[in-house]
Amino acid sequence: MGGSASYHPKLTTFWKKEGDLSSEGRGATPGEKRARESSAATMASTVPPRSTSSGAPAPSLPPVREDGDIGQRERVPCSYYANGSCRNGDRCRYLHAQHPTAVPRPREAARPTMTSSASPPVAALRTQCRYYASFGGCKLAAGTCPDLHYNDFGFGVLHVPWSMQNTFTGPTGKRLSHWHLISDQLCESNLLNSSELTEFLVDLLPPPPSGAMKHKVFPTDFQELVTVVDDIMSATESSHFFHHVLPFIKNMCLRCPSLFSSLPDGAIPILRQGVPGAVRLTEVQVLGLLSCSFLCLFPGRHRTFSDDQFLGNPELKKHVSKLGFVNFGSLFGFHQPQAQQKIRCFISYFETQYQRRKELGLEGGDTSAPTAGSSVMHIEIVRTVLGLECSNADNVFSLSKRPLSPVTITATGTIEDADGLLQADFANHVPGGGVLSRGCVQEEIRFAICPELLLSRLLCESLRDNEALIMNGAATFSKYTGYASTFQFAGHHVVPRPTAEEASRGIRNISVVAFDAVNYCQGNFQPVHQYLVPWQQRDMLKALAAFAGNRLSTLPSASSGAIATGNWGCGAFGGDVQLKLVQQWIAASLVNRPLRYFTFSNEVLCSEFAELEKVLRAKHCTVGDLYRTVVMYISSRTVIGEELTLQRRASSTVAAAPPVPLVTTIDDNDDAVLEDLLVLDEEATEDYLETGEELQVVGRVVSMRARPQTVMEYLTSQFTA
Numbered sequence: 001m002g003g004s005a006s007y008h009p010k011l012t013t014f015w016k017k018e019g020d021l022s023s024e025g026r027g028a029t030p031g032e033k034r035a036r037e038s039s040a041a042t043m044a045s046t047v048p049p050r051s052t053s054s055g056a057p058a059p060s061l062p063p064v065r066e067d068g069d070i071g072q073r074e075r076v077p078c079s080y081y082a083n084g085s086c087r088n089g090d091r092c093r094y095l096h097a098q099h100p101t102a103v104p105r106p107r108e109a110a111r112p113t114m115t116s117s118a119s120p121p122v123a124a125l126r127t128q129c130r131y132y133a134s135f136g137g138c139k140l141a142a143g144t145c146p147d148l149h150y151n152d153f154g155f156g157v158l159h160v161p162w163s164m165q166n167t168f169t170g171p172t173g174k175r176l177s178h179w180h181l182i183s184d185q186l187c188e189s190n191l192l193n194s195s196e197l198t199e200f201l202v203d204l205l206p207p208p209p210s211g212a213m214k215h216k217v218f219p220t221d222f223q224e225l226v227t228v229v230d231d232i233m234s235a236t237e238s239s240h241f242f243h244h245v246l247p248f249i250k251n252m253c254l255r256c257p258s259l260f261s262s263l264p265d266g267a268i269p270i271l272r273q274g275v276p277g278a279v280r281l282t283e284v285q286v287l288g289l290l291s292c293s294f295l296c297l298f299p300g301r302h303r304t305f306s307d308d309q310f311l312g313n314p315e316l317k318k319h320v321s322k323l324g325f326v327n328f329g330s331l332f333g334f335h336q337p338q339a340q341q342k343i344r345c346f347i348s349y350f351e352t353q354y355q356r357r358k359e360l361g362l363e364g365g366d367t368s369a370p371t372a373g374s375s376v377m378h379i380e381i382v383r384t385v386l387g388l389e390c391s392n393a394d395n396v397f398s399l400s401k402r403p404l405s406p407v408t409i410t411a412t413g414t415i416e417d418a419d420g421l422l423q424a425d426f427a428n429h430v431p432g433g434g435v436l437s438r439g440c441v442q443e444e445i446r447f448a449i450c451p452e453l454l455l456s457r458l459l460c461e462s463l464r465d466n467e468a469l470i471m472n473g474a475a476t477f478s479k480y481t482g483y484a485s486t487f488q489f490a491g492h493h494v495v496p497r498p499t500a501e502e503a504s505r506g507i508r509n510i511s512v513v514a515f516d517a518v519n520y521c522q523g524n525f526q527p528v529h530q531y532l533v534p535w536q537q538r539d540m541l542k543a544l545a546a547f548a549g550n551r552l553s554t555l556p557s558a559s560s561g562a563i564a565t566g567n568w569g570c571g572a573f574g575g576d577v578q579l580k581l582v583q584q585w586i587a588a589s590l591v592n593r594p595l596r597y598f599t600f601s602n603e604v605l606c607s608e609f610a611e612l613e614k615v616l617r618a619k620h621c622t623v624g625d626l627y628r629t630v631v632m633y634i635s636s637r638t639v640i641g642e643e644l645t646l647q648r649r650a651s652s653t654v655a656a657a658p659p660v661p662l663v664t665t666i667d668d669n670d671d672a673v674l675e676d677l678l679v680l681d682e683e684a685t686e687d688y689l690e691t692g693e694e695l696q697v698v699g700r701v702v703s704m705r706a707r708p709q710t711v712m713e714y715l716t717s718q719f720t721a
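In the UniProt record's numbering, the protein residues as written are 1 to 721.
Hints were generated in silico from the structure; no laboratory data involved.
Since the model is a prediction, treat every value here as computed from it, not as a measurement.
In this text, a Cβ means the ideal position worked out from N, Cα and C, and glycines have one as well.
There could be a bad hint or two in this list.
As the list claims (entries may be wrong) - Estimated spans, in silico, between C-beta atoms of each pair:
1) 258 <-> 617: 54 to 64 Å
2) 412 <-> 628: 31 to 41 Å
3) 233 <-> 92: 23 to 33 Å
4) 490 <-> 614: 36 to 46 Å
Given the sequences, and given the hints that come with them, work out the whole structure.
As structure tokens, this is what we get:
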């Protein structure tokens, strides 16, 4: 093999400077050395040498040298040759042959089959091509390279702890595998107290760049976890956690590489902005991912992180910034009672999972097939994207002739108790919001008692104004009382066994839709801005994205039937409860879905809505009638003439979009129009606006009257005039 025919000068320079991740570079174990020495001759005769980039076959292997100082290294295969980049050619002192022990230890695509010495030789195991993964281009084409061409630190897949590209800069400047460090720590003996637990979590973090302190780069304050284990949990619960639950969590982390080996290329896809899609994982796979989150193992997914983890790639860092932080270190360091209660909820999840698998006979976190009588259940995340036609809200809403859907409004009960319905999650644009920090309202509480919902935070980029997330199959593991500052863990929730229908479908009949409201109490916003027409359109389009459903969803309740919702975007975000109820009613009516509305003990809202509904039913009001009236509510206030500039991201659907043909009417028979609103393929969103420029929407600041009409008073007066 000629040195000039197949080596990458840049690639070789990188590995020379930064260090080799192969077994030679990190120091081979005695077992690896024996395996290489015993298999070198066999592999040299059974595996043909790689062809050069010009297509000519590589030269035959060089003769064995007699230099006594080289010794056994004569029989060690050259890892650079195996990856197509040995620049020494015939002068190389190592064997030019390909076999599994000649390359670094990445995540394996499959496990090799053990054979006897009399059996036919096993073909070389296909592993991830480190040059393609690290640099985005291997000199050999995908069809000729013996290794897999995929990038598990790219923009379309989850960056997992066990990736061969999860590296850090060592003391000598070499790039070293962080997973080797993690796996060694996880295999150590059990921890006995909170002090050892804190040291263990700090040791799992990657070493910081040269000259930096670890606590300056990563969250290292785990005091709230210590408080939960030592003070909130009883002595029996604490002992059970250290002797059983924590070893179970560690074991699940170690099993993650094998858990995901069945996925295409072993990669877990990311649901990116503007691209509809779905990801479906088993409950055990989700358990493995959440175990890694609990121990703060995901690279680049801390609340704060080091640029060293992105190898100087600003685009990769920008991509990760669209994802929420998922490591629990930030939650462990927030000094507030709500953080302690959320931690207790998450520990309850792991306790339940440990007990369940113990009862099934899967000791030690065994991930083999379930025993008889059980079934493999899944968690599903679906990203819904509305088409650009929806940016012209007047065409969608004002011309609709559809009747208003039925509404059942109640001051008692909670959304999560509405079994069999699509349940609303009043989300942040980053799924989960402040669940792993200081947040403790509707969305954060739902994620704390249903930890499997955190899968959406792992896999989904932040939501745009025309997007929503459907999350299917996540069970409730904890009971709770209170809200916000009064939130408290109230014990384990018994997860019922799947019904026959759920078992056959492989997913629990629990469907949650996440759709984010605008925070009208933040930045340049004021609560009065929500009445401006552009922002009313934005909120109704967001609700439409949530309620329209998605054919990619496994559960029918995600796309049909009643919707359980409530005071979306109210409270801390400054939303008007009456306006948000009317906006959600309009969106649900457009897709022919009833509402079950929970007011959270607001009896006044129940009575006011009952009066409004009575008037609208008597007038046979349609979706278009109600929409045209509610957007004019702003005109009922006094305009003082001062211009207001509101800045929004260009990705907002409020942005100026290409004109679309006007729709004359939208009635019950125009289902085709609604189908066109949903984007179900990637090509339809290729030209989605991603310039990062800011959009300026000019409106008017209004002065409040001493006692302005409420939204429902205004609507009632307009339809009774």
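We went through each hint and held it up to the structure:
1. 258 <-> 617: 54 to 64 Å: This hint holds: roughly 59 Å between Cβ atoms.
2. 412 <-> 628: 31 to 41 Å: 34 Å, holds
3. 233 <-> 92: 23 to 33 Å: This hint is violated: roughly 59 Å between Cβ atoms.
4. 490 <-> 614: 36 to 46 Å: 39 Å, holds
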